[in-house]
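Enquirer: All chains, please: the whole structure from these sequences, using the hints.
Chains as they are written, first to last, in our numbering: chain A, 1 to 375; chain B, 1 to 375; chain C, 1 to 375; chain D, 1 to 375.
If you're looking for bench data, these hints aren't it; they were derived computationally from the structure. Any given hint might turn out to be false.
Since copy identity is lost for identical chains, a pair holds within one copy or between any two.
What the hints assert, rightly or not - Listed below are the simulated DSSO-like cross-link pairs for lysine-lysine, each with C-alpha atoms no more than 30 angstroms apart in a straight line:
id, residue 1, residue 2
1, Lys139, Lys224
2, Lys312, Lys336
3, Lys229, Lys336
4, Lys312, Lys224
5, Lys139, Lys312
6, Lys139, Lys336
Remember, it's a predicted structure, so these values are computed and weren't measured experimentally.
If you want the building blocks of each chain, they are given just below.
There are 4 protein chains.
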Amino acid sequence: MTSLANTYPSQVDHAAHSSGALRISLRSAIIGVSGYAGGELARLLLRHPRFSESVPHFFSRSVEKQSEHEVTLSDLHPNLSANEQPDHAVLPFDWQRIDDAGIELMFLATPHEQSRNLVPDALARGIRVIDLSGAWRLKDAANRTVYRLTDSDPQRAAELQTHAVYGSPELHRQEIAEAQLVANPGCYATSIILALAPLVRSGLVDLQRGVICDSKSGVSGAGKAPTSKTHFMYAADNLSAYSVFGHRHTGELLEQLNLRSDQIQFTPHLLPIPRGILSTIYLRFIERVESSTIESILREFYRESPMVRIRKSPQLPQIQHIAGTNYCDIGFELGKDGRTLVLVSCLDNLLKGAAGQAVQNMNLMYGWDETEGLL
Amino acid sequence: MTSLANTYPSQVDHAAHSSGALRISLRSAIIGVSGYAGGELARLLLRHPRFSESVPHFFSRSVEKQSEHEVTLSDLHPNLSANEQPDHAVLPFDWQRIDDAGIELMFLATPHEQSRNLVPDALARGIRVIDLSGAWRLKDAANRTVYRLTDSDPQRAAELQTHAVYGSPELHRQEIAEAQLVANPGCYATSIILALAPLVRSGLVDLQRGVICDSKSGVSGAGKAPTSKTHFMYAADNLSAYSVFGHRHTGELLEQLNLRSDQIQFTPHLLPIPRGILSTIYLRFIERVESSTIESILREFYRESPMVRIRKSPQLPQIQHIAGTNYCDIGFELGKDGRTLVLVSCLDNLLKGAAGQAVQNMNLMYGWDETEGLL
Amino acid sequence: MTSLANTYPSQVDHAAHSSGALRISLRSAIIGVSGYAGGELARLLLRHPRFSESVPHFFSRSVEKQSEHEVTLSDLHPNLSANEQPDHAVLPFDWQRIDDAGIELMFLATPHEQSRNLVPDALARGIRVIDLSGAWRLKDAANRTVYRLTDSDPQRAAELQTHAVYGSPELHRQEIAEAQLVANPGCYATSIILALAPLVRSGLVDLQRGVICDSKSGVSGAGKAPTSKTHFMYAADNLSAYSVFGHRHTGELLEQLNLRSDQIQFTPHLLPIPRGILSTIYLRFIERVESSTIESILREFYRESPMVRIRKSPQLPQIQHIAGTNYCDIGFELGKDGRTLVLVSCLDNLLKGAAGQAVQNMNLMYGWDETEGLL
Amino acid sequence: MTSLANTYPSQVDHAAHSSGALRISLRSAIIGVSGYAGGELARLLLRHPRFSESVPHFFSRSVEKQSEHEVTLSDLHPNLSANEQPDHAVLPFDWQRIDDAGIELMFLATPHEQSRNLVPDALARGIRVIDLSGAWRLKDAANRTVYRLTDSDPQRAAELQTHAVYGSPELHRQEIAEAQLVANPGCYATSIILALAPLVRSGLVDLQRGVICDSKSGVSGAGKAPTSKTHFMYAADNLSAYSVFGHRHTGELLEQLNLRSDQIQFTPHLLPIPRGILSTIYLRFIERVESSTIESILREFYRESPMVRIRKSPQLPQIQHIAGTNYCDIGFELGKDGRTLVLVSCLDNLLKGAAGQAVQNMNLMYGWDETEGLL
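Expert: Here's what the structure looks like:
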């Protein structure tokens, strides 16, 4: 990674870190601020202690379609308006504007294809990127085909892909700190990977038998576009399974947990709630284990990870416990046979599953406390 | 109305009526079956005792856009599928198909403009029509401007308009029985008119002071088109007022209650539930009255109206009491001053506020029991 | 079963059946009408064509605590009130009242212990019983221990238990027709058993590997008693797993599917909706099968079962498709390996999972069409 | 107020204020931390910048009933748990514990009667109190009768009542800063008073005609006790009016807006959402006014009030805009007659309507920025 490191020095964070000053002037931008993840990112950064004197720049494609008058953040997200403060302009995205503003860090809350295209140009400018789309998460091109991405310069894209860091702070804290490109994980994938990683790595799980992940997500995960499936009348008072055997986050599970596709199965469901994911995970151990052993493995794995909370069995996490927070809560119950395990993992898909995890990654990239602006 | 009566004889119903036979063969069609009201209408007719041997014909514009294979009712409304029965085809609307099938009764669950256009042609064919849109509800052209309707033959449309019957069985039972064109009332309007009509007609209400109607409706009232306002994320965990001073149902209130626009005020709100309307209505009496007098007025007015239920004060109706039924429930509480009244009226916007009331109107038009297929 | 048959002849149904008359005068009673299942049962029977001239008698323990004035069905279930009809009294349960009324059929919507106690006395009187509790569902006393039941006459209870018929019409249609005591199945159990029975019986399922059932239910399944877990603030915007490895319906799965406890695993979840169950079921086939084979097995199994609807893969049932109906909808998707199957099963826990199935059983017991009063 | 001021000097705040230090060591306690308002208060204080080194003490009556092991904040509110930090004990309330801890500020999130009893003892100890109950809000004893309070020392209670400050920062900022006892306003009352105060004080409103307030609140307003009305099955998919003509918050409207009971009418409704209040308010002006005049009056009134946001007509606030925030949003629409006004006011009943407003009051009492810990 030396060549990239040379190309994109990251003085900002080290300076900020060494000085210990709360107020820095990181010039950042959110691209795609009109969506749910973009809106949450704006909300988090506007109240982040490091940003008290450096408001991010906001961009959105949806702005171009709007009327002549200036579009503001309050227009897109009325909850973010403030009475006495000047409102924040949202502009159509344009590299000239990025260059003029001297942006150092870009959050991409853009569609997959758009992220795939923006990243090479951003990195070429020495801008660090946290991409919330699925465009750069998968190392294996075969896994990536589900996104139907096309690269204008495939060779360079392939090289950048090898340097992209999967933005799971609990698994890749060090690489994230130094990364130029962080691929923020999928919401479902985060809930499953954080629950399974400690156990799969322990070698205790019977992978031959396979792991089954039954996940349920609130509607914000489906995005802001009005469709027949995001209509209130479709989602309310309902539950439906979808993308059985074919959800895009499956590749993340395989790569991050180092599993073959016949070793893990993932079925998402659409819950009639605005936000939150609960994954119920079924696995078998190779041999009998104690409940206390499982708890030790989980606690040890997350000893330095303040954003993962382990519940004491048989307590199990629920969506309400984590809604509006950046926590991932994990609990479990072990069968009387000592081999059958039910794991339950919960997170807020817009926070730990998207904007919150992005801020956590930013904190790591700039040497700040991992939880800053997130508690 | 003699000329119209001559033109469109309605032998079918009289025959059915006199014979008393449960099974008739009324040839009916639902135009616009893909929407919520159309779907409910299909559900009600398919289980209506008079339709056990004469399934309606189903039409929808949305079908034209679909793929080559035949579209069925189950495709549009999976809840209406049946295992062993043949499914029902849904076809693109076409007068030739209507003529070939010898349709005698058409339900229009179509947009306002479309209903405005279809009605003259249907009546010219001798087909009786129950129109669920707002196109034919308003006698006063000034009130009708909110619908921005255009007529190809304005003179004929104006004449038909005078013969159109406002389809409120409780107010116009006789005219409906003989009508060729029934304009099925608006959902909000029904909830308000049924609560107010007895009291306004009693002459006790201080109309000078004005009546305030604060109404709240479930999301199905906003229609099936996916829009930013019918998105689950917009409607869920929310409440919002809209169309303040400008809702289209206001004209129905004025005409049916015989009020001036400065005597009644109506504000709708969007509730985070699939279906149901609750209207809270505030008025003052000219002089002190007793609670028992109000109850008598209401009960007397609806003595022959099985689909209106009067609650005993201080019991008040709630949306759950009427969801899934064709009832309109009315309750009230009188202030200690004997002059200030709070009326509460509830109905299911898709049933008593749309498809159920349409079936009730059909029952009247064909001389059947008003509640048939509705309990 | 000869002795029982002698003791409790069932002339009523045969007479009704042979005459073909729609109107019969079956003297029935619902015990426990104040709960959700009891209320739905009352609603279904009041509009059942066979009951147009013989309203059931209603009983409830909750009535005893009420004030001096007579309690009516409308007091307990305001949705069931009617304007012009006389309301129905709800009385405290009392064998004398049952005897005086000459009750022939009792529906027990009572707690498990109460059902366990009432059944022997009812049968001794020659009254046929449909019990909606879990008291009589399980043949194996070991499975039954979870209900902590005590019998005043254990020997007689054990004998009656052997004659009790598990009220799944699709599995035990013949026995139900002749039964004196029908144990109406659990809601979760029904959703899982109906999906699995055809496949398990086919011998194709790898039972060694085990079947995993991840079920999600609306809140009505938790009963009407206000508790911390039925509080709106607990259930709304939430999802939680509960009774992992220990739900009472597990015994029904084992007995009806003829499985060992290490062959099936069942985890229920509480959904933030009023009603409906969706079960996602994971299994493996012993060897590769075709999707069309699975569909054939399911369709063949339910060929004569009008209340089970098989979806065409990859269409899957959703809770909205069955809410308010007595259908159980079953769909599936087969993995590319031809061995991994995801089955999805949906039903309304208060109808096919309780009151609707009870009526279906009654229809069978009296020789009426299985779907009467249920479509 | 001199005598009280002598008795209860408030050095703490002035010291903190003058030093400008972020970290202070205010010794505070929350009594009644198990409820919804108590839980939100704990959440807000635990992340309040002034409390980074002085965690509040937590008390709850519910703890006494619990098992022998120590009850923690996480047990009561699992969302507030943290992995690596020590959890916070919740103890049964006891004056000895208050004295030992040297508590300087008490938040009472207790039932009305309990608050009425605790306050005199707290003030006698020199402890400042913010009471979230209704016990001390009403100056007029006649208005207070709805709470059925009894005082052990009525004379002293009456004296304390005169010194109690109604904790609406926007109306009583100065008095709150110096108060020993702040009576935190009711949630409905706050939403109505903040919308009406500027207009009523302007003298433009036709009070003769009366003001009508139609309010709708989420279920958390009904408290944590499981009752038939807080059952999910009662509240979900429903809307109901309650306490028509008799809600306890009416007295606050009369006193704070200086109105007679025949000049304002207030009807609350129960919304099927966890949190948030929307009040739709109907009034008439004495003479024709301009929309811009109304906006100016509102903006001017709240010029120094950062927690009230005025929407630009015809934009109206919605519950989603304020859920999870301490803002009260106000918008309006003026009829074409220039005299009929519809005001819409929204707030989060647990924040601006309870715990958030309590923190805002605390900030004022200790000379901190009004919004600290609330943005």
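Enquirer: Can you give the numbers of the hints that this structure goes against, from lowest to highest?
Expert: Violated: hint 5 alone.
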